[in-house]
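Novice: So the chains spell out like this:
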Amino acid sequence: MAKVVLQLGELTCPSCMTKIQKAVSNQDGVSDVKVMFNAGKVKADIDESKVTGEDLGKVITELGYEVKKIKTKEIA
Amino acid sequence: MKFNIWVQKNQNRMTAAIAILIVVSFAAKFLNIPMVETPAMIIASIVGAIPVFLHAWTALMNKVISIELLVSIAVIGAFVIGEYEESAVVTFLFLFGSYLEQRTLQKTRSSVKNLTKMAPTTAEVVDEAGNISTVDVDDVDEGDHVIVKPGGQIPVDGKIIEGKGYMNEASITGESTPVEKTVGDKVFAGSLTDNGTITVETTSVGEDTTFGKIIELVEEAQDSASPAARFIDKFATYYTPAVLVIGILVWIFTQDFPLAITVLVLGCPGALVIGAPVSNVAGIGNGAKNGILMKGGNVVNTFSKVDTLVLDKTGTLTTGQMSVSELTHFGNEKESDMALLSAVEGTSDHPLGRAIVKHIDSENVKATTDLPELDTVKGQGLQSTDGNILVGNERLMKANNVVISEDARKAIDARINQGDSIVLMAVNKELKIVVGVNDQLRSDAFEGLTALKKAGIKRVVMLTGDNKIAAQHVADRLPIDEVHAELLPEQKVDFVKKFTDEGHHVAFVGDGINDSPSLATADIGIGMGTGTDVAIETADVVLVKSSFDALAHSYVLAKKTVANTKENIIIAVGTVALLLIGLLVGVIHMASGMFVHEFSILVVILNAMRLLRIKSFKKAPKLDSNQVKVA
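Chains as they are written, first to last, in our numbering: chain Z, 1 to 76; chain P, 1 to 631.
If you are wondering where the hints come from, they were derived from the structure by calculation, not from laboratory data.
Only a predicted model underlies this, so the values are computations on that prediction, with no experimental measurement involved.
For each label pair, taking beta carbons as the anchor points, the in silico distance ranges come out as:
no. : chain 1 : residue 1 : chain 2 : residue 2 : range
1   : Z       : D28       : P       : I132      : 41 to 51 Å
2   : Z       : G9        : P       : V80       : 31 to 41 Å
3   : P       : D307      : Z       : D28       : 49 to 59 Å
4   : P       : I581      : Z       : S25       : 39 to 49 Å
5   : P       : D307      : Z       : E48       : 49 to 59 Å
6   : P       : V587      : Z       : I75       : 51 to 61 Å
7   : Z       : I75       : P       : E373      : 51 to 61 Å
8   : P       : A563      : Z       : G9        : 30 to 40 Å
9   : P       : I5        : Z       : K3        : 21 to 31 Å
10  : Z       : K50       : P       : P227      : 28 to 38 Å
11  : Z       : I75       : P       : N417      : 53 to 63 Å
12  : P       : I581      : Z       : I75       : 47 to 57 Å
All C-beta atoms, glycine included, are put in the ideal place defined by N, C-alpha and C.
Work out the full structure: start from the sequences and follow the hints.
Specialist: Okay, here's the thing in structure tokens:
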């Protein structure tokens with residue numbers, strides 16, 4: 001298990017949140033997705049054998065949002 | 001999908017292009033050049049529709065019916081029936097509106113962004129061989145030695161193992177007066193060294209540092225919605241699809257296609273979804289800038305309803321730092337006696353002793369250098385081995401048969417009645433000095449409590465484990481309605497419970513170290529600590545600055561934030577109602593409807609921005625406890 005934090009560009013519409021939330025949650029091996037509207041961050045727990053932080057970054061980029069930074073941290 | 005990203009990046013340029021095309025078209029209309037007029041509008045509509053469609057499509061792929069979908073359908077509709085002017089203007093207003101939203105939202109979020117910007121990014125790590133390398137803070141490990149040069153930023157939480165210097169810890173404590181730190185002292189990530197090079201042994205990094213926790217807490221707080229906002233979020237998920245259905249129904253029943261697509265545009269939930277969160281962000285952001293951490297919209301909401309304020313005494317109403325309230329001397333050799341007392345107390349580490357030394361220093365009296373050998377008398381004080389010099393409490397004097405004159409008696413009783421601790425000095429069995437030492441009131445406690453009462457607190461209660469005289473003494477100097485003394489921590493909790501059971505909304509203010517049960521029991525627990533981990537985690541509101549100014553500010557801020565949220569909801573609902581009426585009486589069309597919508601979104605954001613400008617009740621001048629007493 002690992003925790004991924006993706007820093008996005010400025011989010012302006014709350015409906016973007018729902019969109020990102022659903023798209024990221026639908027990925028295999030992803031749980032507990034949290035989209036932070038004001039901080040412009042997406043936090044999620046991932047199963048590294050199934051998905052990587054970079055994969056999630058790609059999903060969000062394809063939705064049309066800028067991904068500035070991806071941070072993955074192992075959790076025990 | 002590259003196209004998608006390209007569009008995202010160039011959306012503002014595209015918006016500008018549409019604006020130019022629309023102006024060209026209107027100019028052509030005015031100059032009667034139909035060859036340019038209509039094509040310009042058609043191109044504008046297509047360019048404008050691209051980003052809107054893309055957003056709508058990606059949302060739909062994820063089973064979300066977005067505002068963009070409503071706008072897309074309306075634009076296609078207008079295009080199909082040849083209303084190119086409408087379709088172009090609607091997309092332009094929609095895109096320009098999002099641009100303005102983005103700019104203004106950035107402002108409301110600026111307080112936290114500024115805080116985040118202060119987060120350290122790199123560290124200079126020294127390895128065992130003494131080589132220094134610059135690494136990303138995320139790659140620093142616990143136990144690593146980090147070197148910080150003068151004027152540099154401390155990248156991690158840790159302990160100084162070499163060097164010393166003055167640290168500016170404003171980013172953690174809100175206090176910008178530099179603090180001297182040396183080997184063994186803890187330093188915090190995000191603080192700055194004013195001078196001196198230090199080597200720090202890392203204890204925590206990144207999000208685990210105090211600074212990291214503060215940032216994370218504020219970010220989470222801004223995104224944790226108030227009950228009102230949560231209700232609207234839920235509402236909006238059904239609202240948008242509902243508008244789509246209504247649009248279709250209107251078309252079926254009236255066969256009026258233009259009316260149906262106008263309904264789609266007017267039904268956009270714009271200001272409604274953004275109104276509440278934006279107030280929250282601005283209010284919590286203002287707090288963060290002023291050293292006040294409110295943990296979310298929920299907390300702000302509950303805090304705004306508080307009518308009963310329960311305070312702990314020591315460390316909350318008082319600084320917990322002792323100071324001399326009065327020094328009375330008997331006899332003729334005042335200066336040399338004071339010099340002697342200072343020297344004797346200088347040997348002790350007791351808070352009373354330190355307060356006395358500091359006081360005598362401030363009178364410009366230097367401690368005597370030739371001091372006889374001293375013994376400690378447990379629970380009584382200090383005495384010289386020959387027994388000629390006695391410094392301590394009354395028990396020590398009595399044990400040594402020191403006569404206490406009538407004048408001395410009066411002086412002692414006066415201090416006791418003021419709630420002071422007493423220190424006496426006798427030389428050759430003769431009482432020379434009576435000192436009253438007081439735990440200092442916070443300089444802004446009086447003004448802070450007065451401001452809180454003015455802002456809506458009905459009852460101020462002080463709870464303390466201290467004795468009744470000391471408690472009453474503090475209460476007399478402050479606008480406190482009720483005092484309960486000699487309490488154990490669990491009895492404090494019982495009082496808090498009793499108040500909440502009586503139906504009051506209770507906030508408890510404490511340092512969070514021994515009163516965390518009370519902090520947890522109250523509706524709102526306010527930690528008035530110095531950025532300690534305990535207070536940050538147990539309290540709902542953390543005052544990193546530990547002042548009554550901050551306490552009053554946080555309460556006012558909570559009230560104003562809640563009022564602002566309500567205003568925004570009224571503006572949003574009012575706009576939709578006005579638009580509907582406008583539609584029914586036929587004065588509102590698609591483009592004007594979109595204009596009103598975007599305008600209302602800007603109004604709620606600007607309204608929320610007012611919260612950023614709220615200042616604390618007063619930049620309190622520094623008063624010492626003696627001055628407060630007069631007040």
